[in-house]
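Peer 1: Okay, here's what each chain looks like letter by letter:
There are 2 protein chains.
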Amino acid sequence: MHKFEEKTIKTEPIFKGKVISLQVDDVLLPDGKETKREIIKHPGAVCVIALTSDKKIILVEQYRKALERPLVEVPAGKLEPGEEPESSARRELEEETGCRTGKMTHVQSFYTSPGFADELVHVYLAEDIERVQDGLTADEDEFVELMEVTIDEAEQLMREERIYDAKTMWALQYVRLNGLV
Amino acid sequence: MHKFEEKTIKTEPIFKGKVISLQVDDVLLPDGKETKREIIKHPGAVCVIALTSDKKIILVEQYRKALERPLVEVPAGKLEPGEEPESSARRELEEETGCRTGKMTHVQSFYTSPGFADELVHVYLAEDIERVQDGLTADEDEFVELMEVTIDEAEQLMREERIYDAKTMWALQYVRLNGLV
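Quick note, the sequences are listed as chains Y and F, same order.
Residue 1 is where the first sequence starts when you use full-length UniProt numbering, and the numbers rise one by one after that.
Residue 1 is where the second sequence starts when you use full-length UniProt numbering, and the numbers rise one by one after that.
Misleading hints may appear alongside valid ones.
Stated by the list, open to error - With a Cα cut of at most 30 Å, we get these calculated DSS-like pairs of lysine-lysine:
hint	chain 1	residue 1	chain 2	residue 2
1	F	K16	Y	K10
2	F	K41	Y	K36
3	F	K36	F	K10
Claimed, not checked - Here are the in silico distance ranges between beta carbons for each label pair:
hint	chain 1	residue 1	chain 2	residue 2	range
4	Y	R159	F	E127	16 to 24 Å
5	F	E34	Y	P81	19 to 27 Å
6	Y	G102	F	G102	49 to 57 Å
7	Y	E161	F	P30	49 to 57 Å
8	F	E140	Y	E153	23 to 31 Å
9	Y	G17	F	K55	44 to 52 Å
10	Y	G82	F	E127	43 to 51 Å
11	Y	R159	F	Q133	31 to 39 Å
12	Y	E130	F	K55	39 to 47 Å
Worth flagging that the hints you see were computed from the coordinates, not collected in a lab.
Since the structure is predicted, the reported quantities are computational estimates derived from the model, not experimental observations.
Ideal Cβ positions, reconstructed from N, Cα and C, are used throughout, including at glycine.
With these hints in hand, go ahead and build the complete structure from the sequences.
Peer 2: Quick look at the structure:
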């Protein structure tokens, strides 16, 4: 047991949706006092750094309702029940970009918002990708637009705040640090 | 208006807590169909890449109830109502590490989980830091332990998955890419 562990006294389920659930835990703190923790449960997600043979990065633009604006991001999506992250990465890449890859490598995983959510994102690198169909999303409530950009163009999109999320910014740094483009 | 914009038909407030709120929006999709979006509202947060004069990085370990485990992270915290991000960064740095800095620079901001939450994290770089007191958190329900590590030690913590969140991983890449240590 970690010395700062917070023991659960009671869990109150508040909401169960199609993507997230919310619960409030009453916890016992290390000093014996009590407090409440608001916790979002999420199935986990994958994202894909997809590089074309001419060293471009495939990105998708989509509307993000939580922000009331569109964002340009690496292709991503949540895990389906029972789905392995690598299978999910291959599925999302094909659904959102119409591309397949022979070489899908797990490069990192990270929690996105550990203060209130358990969402874990698994990042994959897809090289030697091949277009098999026009980019069409299989999720009926997703509308995405494909982009192929150089790393310099991606960094410009970041300065313009069209790229503005942690996983995509981490991905661009990863590409730079590892000389992938 | 963006071509993929999702028009709100109805917003149902579900929960309002001390950190997050949850609402479910009925939205009109670009193709005229309707769907629901589960949305977490968050006040926003700051984190600080704090570098000592001998090129070490100050990190804090704390228990994360949402994950039921401790994480090692850059010092961070949520914005108080009406608080400017830079003031928040200075406050969190002092509360969690007992350090002050003459030089606090905004280096990046990003959304952490744009699929379901509007949390925006502002990242600051604190150089020339000075210890003014022993690290003691001002928030009564926060227990943190201080660490000072080299970049190599931080990257080892990452491989051991003790560092395991997006903002801290982004911060370590930023430090590497910009030759700050």
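Peer 1: Give a verdict on every hint.
Peer 2: Here's how the hints hold up against the structure:
no., hint, verdict
1, F:K16 - Y:K10, "holds, 19 Å"
2, F:K41 - Y:K36, "holds, 18 Å"
3, F:K36 - F:K10, "holds, 10 Å"
4, Y:R159 - F:E127: 16 to 24 Å, "holds, 23 Å"
5, F:E34 - Y:P81: 19 to 27 Å, "holds, 24 Å"
6, Y:G102 - F:G102: 49 to 57 Å, "holds, 52 Å"
7, Y:E161 - F:P30: 49 to 57 Å, "violated, 23 Å"
8, F:E140 - Y:E153: 23 to 31 Å, "violated, 47 Å"
9, Y:G17 - F:K55: 44 to 52 Å, "holds, 46 Å"
10, Y:G82 - F:E127: 43 to 51 Å, "holds, 47 Å"
11, Y:R159 - F:Q133: 31 to 39 Å, "holds, 38 Å"
12, Y:E130 - F:K55: 39 to 47 Å, "holds, 45 Å"
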